[in-house]
Every structure is written in structure tokens, then in C-alpha cells.
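Asker: Sequence:
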Amino acid sequence: MARQKLELTWIGKDARPKLEPRILLGDPEKSHHAKHRVTSADFFDNQLIFGDNLLALKALEQEYTRKVKCVFIDPPYNTGSAFTITTK
7 MARQKLELTW IGKDARPKLE PRILLGDPEK SHHAKHRVTS ADFFDNQLIF GDNLLALKAL
67 EQEYTRKVKC VFIDPPYNTG SAFTITTK
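Residue numbering for the sequence shown follows our numbering, beginning at 7 and increasing consecutively.
Some hints here could point you the wrong way.
The calculated lysine-lysine pairs, modelled on DSS-like cross-linking and capped at a C-alpha distance of 30 Å, are [as the list claims (entries may be wrong)]: (1) LYS75 with LYS19; (2) LYS64 with LYS11; (3) LYS11 with LYS36; (4) LYS11 with LYS24; (5) LYS19 with LYS64; (6) LYS64 with LYS24.
Because the hints were derived from the structure by calculation, they are not lab data.
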């Protein structure tokens with residue numbers, strides 16, 4: 007049996023602009039690395055990226071295609087505006 011794959015579709019999807027690959031630059035002021043591993047299976051490959059989500063994903067594409075199962079992206083999801091929360 008052939009494997010089925012899930013795909014998101016929307017009007018204009020095929021007309022979206024093609025993006026050039028980007029380069030990610032690390033910021034030591036915002037980076038945190040544990041001093042030692044707790045177990046031998048610990049991974050130190052997590053990345054926190056500040057920036058436009060589409061450009062960040064494009065920068066990750068070449069190295070991580072078919073290697074990543076999940077990416078968490080915070081809003082505002084392609085709105086072109088900032089997302090602010092006021093807490094009391």
C-alpha cells in the first residue's frame with residue numbers, strides 16, 4: 007500500500023514567492039548551553055531563532071530537510087504585525 011501524505015493547500019499557494027536561502031548567525035548573548043550532559047542520550051542541538059518565521063525556516067531547510075519532525079512557531083503567522091500580550 008502506498009503511503010499517503012498530508013498537505014496543506016490554499017488559493018495562491020503555487021504563486022508564492024521563491025525565497026533565497028538565508029544564513030543564521032548565532033548570538034552568544036541569547037544562547038544557553040548546558041555545562042554537562044545528564045545522560046549519554048542528551049541532545050544539545052536545540053535552536054532558538056528570533057526573526058521572520060518563513061525566512062528562518064528557509065535558512066534551516068538545507069541542513070534539516072527530512073531530519074526534523076516538528077517545528078514550533080509563535081504567532082502572528084504571516085500577518086506582518088507584532089504580537090503583543092498584556093499581562094497583569
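Asker: Next, verify each hint and record whether it holds.
Answerer: Verification of the supplied hints:
{"no.": "1", "hint": "LYS75 with LYS19", "verdict": "holds, 22 Å"}
{"no.": "2", "hint": "LYS64 with LYS11", "verdict": "holds, 21 Å"}
{"no.": "3", "hint": "LYS11 with LYS36", "verdict": "violated, 37 Å"}
{"no.": "4", "hint": "LYS11 with LYS24", "verdict": "holds, 23 Å"}
{"no.": "5", "hint": "LYS19 with LYS64", "verdict": "holds, 16 Å"}
{"no.": "6", "hint": "LYS64 with LYS24", "verdict": "holds, 10 Å"}
Going through the hint list in order, the structure does not satisfy hint 3, though it satisfies all others.
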